[in-house]
Amino acid sequence: MHNWELIVRKRLRILGVCSREITGELAAHLEDNYEALLHEGLPAEVAFHRTLRQIKGRRNRWLALRFLKEDLMSDFTRKVALPGLLTFTSSMVIAWALDMAHVQPRTIFLANGLFLSLPILWLCLLPFCGGAGALVSHRNGGSRLQRIAASLFPSAIMGAVLLLSLVSEFAISRFMQDSGRNWALVASALALWLTTYMVLSAISLLLGAAVAEKVRRISASAT
Amino acid sequence: MSSINAQIKRGSAELAVLTLLAEHPLHGYEIAKRIEEQTGGVLRFDMASLYPMLYRFERRSWVKAEWQTMANGRRRRCYRLTAEGRKQLAPLRAQWRAFFQALQSVTGFRNA
Numbered sequence: 002m003h004n005w006e007l008i009v010r011k012r013l014r015i016l017g018v019c020s021r022e023i024t025g026e027l028a029a030h031l032e033d034n035y036e037a038l039l040h041e042g043l044p045a046e047v048a049f050h051r052t053l054r055q056i057k058g059r060r061n062r063w064l065a066l067r068f069l070k071e072d073l074m075s076d077f078t079r080k081v082a083l084p085g086l087l088t089f090t091s092s093m094v095i096a097w098a099l100d101m102a103h104v105q106p107r108t109i110f111l112a113n114g115l116f117l118s119l120p121i122l123w124l125c126l127l128p129f130c131g132g133a134g135a136l137v138s139h140r141n142g143g144s145r146l147q148r149i150a151a152s153l154f155p156s157a158i159m160g161a162v163l164l165l166s167l168v169s170e171f172a173i174s175r176f177m178q179d180s181g182r183n184w185a186l187v188a189s190a191l192a193l194w195l196t197t198y199m200v201l202s203a204i205s206l207l208l209g210a211a212v213a214e215k216v217r218r219i220s221a222s223a224t
Numbered sequence: 337m338s339s340i341n342a343q344i345k346r347g348s349a350e351l352a353v354l355t356l357l358a359e360h361p362l363h364g365y366e367i368a369k370r371i372e373e374q375t376g377g378v379l380r381f382d383m384a385s386l387y388p389m390l391y392r393f394e395r396r397s398w399v400k401a402e403w404q405t406m407a408n409g410r411r412r413r414c415y416r417l418t419a420e421g422r423k424q425l426a427p428l429r430a431q432w433r434a435f436f437q438a439l440q441s442v443t444g445f446r447n448a
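Listed in order, the protein sequences are those of chains A and C. Position 175 of the first sequence, counted from 1, bears residue number 176 in the working numbering, the numbering being contiguous throughout. Position 11 of the second sequence, counted from 1, bears residue number 347 in the working numbering, the numbering being contiguous throughout.
Heads up, simulated DSS-like pairs for lysine-lysine below, C-alpha to C-alpha not over 25 Å straight-line:
| hint | chain 1 | residue 1 | chain 2 | residue 2 |
| --- | --- | --- | --- | --- |
| 1 | C | 345 | C | 369 |
| 2 | A | 70 | C | 345 |
| 3 | C | 423 | C | 400 |
| 4 | A | 70 | C | 400 |
Okay, the calculated bits of chain C under chain A, using three or more residues with CB under 8 Å as the criterion:
| hint | stretch |
| --- | --- |
| 5 | 358–365 |
| 6 | 378–384 |
| 7 | 390–402 |
| 8 | 409–419 |
Because the hints were derived from the structure by calculation, they are not lab data. Glycine is no exception: its CB is placed at the ideal position from the N, C-alpha and C atoms.
Pulled out of the complex, with its shape left as it was, chain C reads as follows (with noise of 0.2 Å):
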């Protein structure tokens, strides 16, 4: 069981990063706090989660990271979701689709 729950996690958090890059590039912090706030706290990063994922991406091509000056003067390591990256999300996005909708149909939940 804690295997599942541990496979949950990693793909949903997979799921949310690679999402919110494929809207605009991000830091670091920004996601953590984007995912936390979007999410009401429910699901919350931390760095060892964070940073050794998002390193994995990078790695993969999935993002590509550039150092860049923010507005405030300081620089910060955002993230960009590469082609490939946008590649993976698709398949992954119907994975957890049709994962929530088995779900909601064994259990009758209204919007799993």
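Isolated chain A, as found in the complex (with noise of 0.2 Å):
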């Protein structure tokens, strides 16, 4: 006797987006299927070989990226944009704040004139906006993939905000002449921009949700 949702659950351990309802179903079926071809006359480990084969390799990548997508996309208002634009606006709030108050990013200069600018205060603060958004996206039923695309939001956004930066300015470049532009140097700093408003901004707003989850799990098991 196989035990089909123990295998399941192995495999499709990702984020853990599979519930205990959609692998006992996805295993049920596995199991059906595996009885259908010792039915058919298959021997039990042939039978057993075929019927894994469902749920292997590049099949179940692409199983486990569907109910990923389908987790995502599930209810996504409410559970990931919401939550999402709290982030994102608390975030652009407190860059606001902090630029009222003359609080400056620091300012790293390497070479070829690149600099990476630091808003350390900024990243600091950013986990308070990460943990009210999964606390919200928690609140409105958002699973775990949910509540860290809620917030994640700023990063995603800024991160596309830049991307398209480069690509119109690229556009741009192509309608003029002599532009002189330095390819490799614009990349170079986009990297660094990327580094600073998408990477670390994203640890951040990661840290917070990590936190927030764990002051969230210690209230549910005191009450």
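Two chains, two frames, a set of hints: combine them into the complex.
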């Protein structure tokens, strides 16, 4: 007797996206498939491997991706977009407030005239925004993946804006003769901006979401 | 061309599943098996296409799923078409009928 539920759970353990209900249902499907193959007269070993093929390799990744997508898109507005907007707005308000208070980012000069602008205080305050977004998403019934997406919203927006600005600059420069753009330098500058405003901010936001998750679990177990 | 292909595949899969469920409640494996048998193996569902679609239907309240104990004592999640699902099925059938008739008149295929 094979424990199909255990097999499915092991193979689809990506971000904990598959609930017990889903794994139970997929296990039931495999079990029925296995028994149908036995009924056709296949030896048990062959039937087992043929059944297992449905959740192996590329098929397994595709199945996990489809579930991730379905999970993420389920009630997207309430569980991801609105909490994400809260995360983004609060992060922008903090940035604006710091700017009003004349708190400047720390500038680190690098080679070739490049510099890294590090808004350290803003990055230190971002976990509060990430935590708030994750909590609101949870309150609206968001899954783990949706809570992560809600807390990472500002990083995604900033990354998209930076990439869009690069693409538009590239497009504009094609209409201008002798624009003299050093694209290697532009790419390096973009990489530095992405590092600060996408990667570092994402780490900071995720940290907040992780702390919020921990606090929520502790308070849930206490009550 | 590939996007048309994907849309046709997705649309036909939705039509096939909803039509089967309109007859009587079925669980996932039964749905896949029946579609494969009734189409002579032309339409085949793997788990990655069937279950996300069933969950999408459930989210849209087109189907209602319930765990039921089968005659062999095993528990299976059975899907039943709801009134909302029936409402969706009628225009879907009409669209596909019109599509096949149009295709038939152009290509001269019979029983397309």
